[in-house]
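Number of protein chains: 2
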Amino acid sequence: MYYIGIDIGGMSIKGGLTDETGKILVKDSITTKPDNPYPETVKDIAELCDKLMQKAGIDASKLSGVGMGIPGTINSKKGVITYSNNIKFENVPIVKEFRKHLDVPTYIGNDANCAALGEVVFGQGKGYKDAILITLGTGVGSGIIIDGNIFEGKDGAGAEAGHMGIQINGERCTCGKKGCWEAYASAAALVRQTKRAMQKHPQSLMHQIAAENGKVSGRTAFKAARENDKAGISVVNKYVKYVSEGLISLVNIFRPEILLIGGGVSNEGEYFIKKLQRQVSMYSYGGKRNPYVKVVKASLLNDAGLLGAVALCLPKNA
Amino acid sequence: MYYIGIDIGGMSIKGGLTDETGKILVKDSITTKPDNPYPETVKDIAELCDKLMQKAGIDASKLSGVGMGIPGTINSKKGVITYSNNIKFENVPIVKEFRKHLDVPTYIGNDANCAALGEVVFGQGKGYKDAILITLGTGVGSGIIIDGNIFEGKDGAGAEAGHMGIQINGERCTCGKKGCWEAYASAAALVRQTKRAMQKHPQSLMHQIAAENGKVSGRTAFKAARENDKAGISVVNKYVKYVSEGLISLVNIFRPEILLIGGGVSNEGEYFIKKLQRQVSMYSYGGKRNPYVKVVKASLLNDAGLLGAVALCLPKNA
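Chains D and W, in that order, are what the protein sequence lines are. Numbered by this note's numbering, the letters in the first sequence go through residues 2 to 319 in order. Numbered by this note's numbering, the letters in the second sequence go through residues 2 to 319 in order.
Keep in mind that the hints were calculated from the coordinates and are not lab data. You may find that some hints are simply not true.
Chain copies aren't distinguished; within one or between two, either way the pair holds.
As the list claims (entries may be wrong) - Straight line, CA to CA, 30 Å or less: simulated DSS-like cross-link-like pairs of lysine-lysine:
| id | residue 1 | residue 2 |
| --- | --- | --- |
| 1 | Lys224 | Lys289 |
| 2 | Lys155 | Lys295 |
| 3 | Lys56 | Lys216 |
| 4 | Lys196 | Lys298 |
| 5 | Lys224 | Lys52 |
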């Protein structure tokens, strides 16, 4: 049994052909053209699938399904993209359009939800039925798995945990509201927090680290903190607090068995994850009387979306 | 078909015998004795049930079920109270114990979840399948209904929306964490906010209103605001912001069709509800492109818990 997973992003559309264990046999990608009308983009995706099958030496009759992870509000039941900022799609019946080109069972889901499903089916969350993946990247993505299934809110218009409010009248978020979790816990927010701390602390090691790196990044403060730079430690500790704030709210609402941390910042590894675990264990409602919630680094990284899209096609989820 | 609903509170245990439409035929209550061992409390509840049946002239063979709404973490599947602060129960197999006295199908649930189910089955939420009830009382209770069913988190240890964080390093909550929604949006929090504003504004109408009433209450600032007292208006507007902050987070996560507002503060009626509606509509993620979420006053008030406990017994939920 073979599957194709498609991960649609603002910059590129990645595709992978896998077997039923999630082993990626071939991979390829095309450039996203957000200004193209949707039928052309869908045609491009179908051509990408053809190319993958050719590369793998498999014809369409052997393909059991195609899954697509798409940013935005996705009505997975109807096979329609309600809207997606990144690729400028609104009310696009993508499944119907796609099957004009390649008539195999096709499933769609929000990209963050797919990534969470990917982790639960093929990655670090394997064996867990209640899991939440938080992706700390440009924004804060969240994918929520309840009893093995994606939870996406009514009509796919929920599960936007990045837009929980964690600070009244706080920093302005791209969504228009102030004080969203995303405005504090994304990698982009960490860079802002680092730059502010650098202005205040001209002697901090962060200046040297940024100069060596050519820019201030999400790693700058972490690198400085590991070398005991006081201002760097302060940035990291505050950032940990911000990330934990949303994690604890999610625990109090969902009480998952496991919290998976993905996205660029998760590369800080155990140094970062352990600090999050400590906060979550200490401040989740009911303390030790409620079930323990494990915090771990997500494992699929850049392939999470693609493999999650494949997971959409598997019998349990299809 | 007859049912008994039991609403267990820290002060009293209320019981009501109803028909299948939720019409309460007789009602009674007993005093909660938190220091009694649990078998005695359960025996008291069974006696309350006997009394209700006697009053209504119905014998146990006509009773289709008993439902109980209980504060705390409830494992409804196992029929066990994991723990309840108010009545000091921990790992109590209440269903098993109760059926020693009265052997009819017995169901339990968290009291806030029951109240939400009650509103959806018998009250203002009737006809809605995705609804959230927020109770603004001593604390902030939340009951979440997804597709007509109570959502209680893994092992019943979720749905504690009152303990979402809305302010980093904010006011200390009774749960031990700082900045919980409950510490800002409960009636008790409103009283604190009102007292602080009164200290700052000795000329405010709030002093006169509190004096007439004999104390500062959750109504003081609202009364002053309705009479255009500047300091009162400021307290109300800030409080609306605090309540909305959590409502918007819940919309972004669950996207319910309706938000029901209960508890003492909801008696401020349309004046209050309209302000909440405006905030929710303006700041929920995706704005008008996502489904509209209606904000309304809950209708069952003090009977919500009792009727929700009855709703637990109905075929759809039992």
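- Give the relationship of Lys56 and Lys216 under a CA distance limit of 30 Å: within one copy only, between copies only, both, or neither. neither (39 Å within a copy, 78 Å between copies)
- Should Lys224 paired with Lys52 be assigned to within, between, both, or neither, using CA atoms and 30 Å as the limit? neither (42 Å within a copy, 70 Å between copies)
- 30 Å Cα threshold - placement of Lys295 relative to Lys155: both (27 Å within a copy, 14 Å between copies)
- Query: Within a copy, between copies, both or neither: where do Lys224 and Lys289 come within 30 Å Cα-Cα?
  - Reply: neither (33 Å within a copy, 42 Å between copies)
- Query: How do Lys196 and Lys298 come out at 30 Å by Cα distance, when the copy is not named: within, between, both, or neither?
  - Reply: Within. Shortest intra-copy distance 26 Å satisfies the 30 Å Cα cut-off; inter-copy 46 Å does not.
Going through the hint list in order, the structure does not satisfy hints 1, 3, 5.
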